[in-house]
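Visitor: Letter by letter, the chains look like this.
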Amino acid sequence: MSTGTTKLDVVVSDVVPVNDLVTRFHFRRRDGELLPTFSGGAHVVVEMRDGERTRLNPYSLMGSPLDTREYTISVRRDDVGRGGSLFMHRNVRPGLEMVVSYPVNLFSLDRRARKHLMLAGGIGITPFMAQTAQLAAEGGNFELHYTCRTASLGTYADVLRERYDRRVRLYHDDLDERIELDRLLSTQPLGTHLYVCGPAGMINWVRDRAASLGWPAETVHFEHFAAPQPGLPFDVTLAVSGKTIRVDEQQSLLEAIEAAGVDPPYLCRGGVCGQCETNVVSYDGKFIHNDHWLSEEDHRSGCKIMPCVSRFEGRSLVLER
Amino acid sequence: MGITFRKETFRDDFTFKNSPEHIRRFPFPFHEDAYMYAVNIEPHVVGPKGSVLENLIDVDEHYVAEMQDRALVLAEDPLRCQSLPHMTLAGWDLLELLMEQQALGYPEHFTLTRDGDRWRWINRPLGIDDTFTFGDTSTLPYGPMEYITRQSQGDFCILDQRDGNLWMDAGMVTTQADWSLDFDIGMNFFEWHAPVPLAHEKGIFVRALKFLTNIQQGKPARRLNWTMTINPRLDTSPENYHKWGPDRATVTPENVGDKVHLRVELQSFWRLPRSNGIVFPIRCYLIKMDELVTQPKWARRLHRVIRDLPDELANYKGLTRYRPALVEWLSKLDDGSATSPGFGPD
Amino acid sequence: MVAKSIISRPVYGTLSPQPGKHHLFIADAEGALAIAEIAERAPPGFFDDSEIVFIPGPDGKHIAALEALKPAQFHQAPSFASLLPRLRQTLANAHMGLRLYLSGTEGLIGQAMQVALEAGIDHTSIQTEHRGSLARRMQCVHCKGITENVTTQPATCAHCGLLLLVRDHYSRRIAAFQGVCINAEDRSEIPPMEEAFP
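Residue numbers (my numbering), protein chains in the order written: chain L, 13 to 333; chain V, 266 to 611; chain G, 22 to 219.
No lab work stands behind these hints, which were simulated from the structure alone.
Where a beta carbon is used, it is the ideal one built from N, C-alpha and C, also for glycine.
One should not assume that every hint holds.
[To be verified] Calculated lysine-lysine pairs in the DSS-like style (CA-CA distance at most 27 Å, straight line): (1) 582(V) with 165(G); (2) 127(L) with 91(G); (3) 165(G) with 91(G).
[Said to hold, decoys possible] Restraint ranges, calculated between C-beta atoms of paired labels, are given here: (4) 84(G) with 514(V): 53 to 63 Å; (5) 32(G) with 393(V): 43 to 53 Å; (6) 176(L) with 84(G): 43 to 53 Å; (7) 86(G) with 305(V): 54 to 64 Å.
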């Protein structure tokens, strides 16, 4: 049985610029029905048809899970990325028909928590928009600490402050405001769970400090979808299907495999869920691993690759696909 | 036209019976003449009309009697229904799922009307007509899980997903095959399956867990499991083992056909949307040997399965004491001819 | 000792110093030896942020050895029941960064863990080391009564009197092994009672 998700036919109902970098997109079902209910922290994979090319990017749902008339996502423009965010910003207009996946949650709240402590950096705020809405409606105990570059790039900072007042703390890089992380982590009541979403550097910093200060790994939750990075083109042989394919500079290995008509399972397309894990039959060259799924040992072994985010440089690569 | 619900009992005088149509639709669990564990999970999609898979949540002629039996069990032992404090939201998810599915499959018996979070639920077989606020526990006579599972056939386990594992943190379990919710609640997937022999060594649970943690919303899955029960007793709990255990010593060559029942569990697995948990309904179907052997293929096959079952499995399933009498009785119905592939009767 | 068991049977390790701001040790009887041994591996100053709660048992040994570690707090209790109010209060006021170390009998480890779970500590983050008696806490699945210090197989339920098979199946929430009627199918079968958990 394939573990892929069911698809939803949607239409773009609104496109709202939020600030210089971020635009919000609203989707409704084409048949006018309600969308499936979801839980705070869930994402959908958005299919982008860009001429010959299909891109599939994951975005966190940021609306309230209590309102499923529409799904909303916020997309930060990445001018040096592979073009998914640029496509969303330039080509997606109200009325456009698109396809998104059913929601999948790889960043779920731990409902046993006595308190939910949330740390967001930049566009990492989006899953917390849904989680705080869900918790607030249930009377849940949460506190959000949100770091952004400047006040004007503090996406939804005003909304969050208005909704939750002192439960939201803002930190602006340009004003040299920093989270006093050690103090924050040392003053939380027993049974608190920590959630962090933001740039890789921030996630690593928070996880590292939390571990040092005695937070068990089970209480520290993080979500970082690695965006597939562009790189040198390379050739791959798919041993099972007997095909040889080329992966372009701007294409991910997974996208190239799909373009050849082979469909590995996937859920996140961001190196997190483990679904598209692929065995390496043989190789001559070096892997550029970008995932958070495989262990360091797996990375060193040269036996496995996550084609959604990782690449290869070298003479030959044969995969069990 | 709707279902004609039988008046029958699963205790004391044991008047439970299957109608001829229900014998034909019985989910016979053996697709070949032998049995061993496997990760036999498949998509839970609608099956042929007239089968137990005609609807994803099956309601049958035993519905009313099973719900009455459940009420008796709960009155004796309220610990059969428990929900750890963080599982209330998942209970609402389950309430929505079961109301939607029952109303969809059996509109003549169940009706769900929604106006925002104001819901009206009509259950005609049980004479229930309640209006409540979805999400507000104070508007129901029980917690959401208990409320709806007092009106739904089968046991229900709600699993919380965290740290790459599934945790049995809530359930309604009154028709179980000898395991205790009260003891197992709070355990993870490996722990509550710990007493199952052989399967751990085969890596069954590691693979099954990997599959289950990736179950997606809108894509439920299912598997069949089976055991045997003496007398059509739904409540074969460990709590009451000292009460029903002696039944196993009452099997004689003369009463096998009436006393020995094949007990099949249709287990399904559904992702719950708001809580991100998984619900695991365990729907129990009983059939006595006299009814089962009306299908000659099933008689031949069951004989071969029970005869060749490894001792550890026979022991785990509690068959040891009466297996010789059962095999002897079934052997008379097995002429040695081949059985056709697949589950269904010929 | 390495009899084949099942996955729900608790597995105990060796106490090892964890990163954290505060360290709470709870031990009974020979469990003190596990604390004394961790002291040899712990970084300097480790016990400055530590509290040791000790139930010495009838022979009253090991108290001086624990005091010699100079923990920030040392508390001696005559029984687990007597230390419960204090333990609950400590956990209710504690912050993230508290690490818990349990050593001694299975009964002590299980009951302390039960209180910790109720306070919101995840069981996998708790350090445990088994020392001393193998006697089990057993819950009768039929009457739900707990029988302490079970050493035989089978064992008689102290509440309802049924003869129970003491399984390896263990519940953290109840802090007990499961006892199931061993002769339910034929009450005239009385298997011999053997010393199994000395």
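Visitor: Are there hints from earlier that the structure breaks, and if so, what are their numbers?
Guide: Numbers 2, 3, in rising order.
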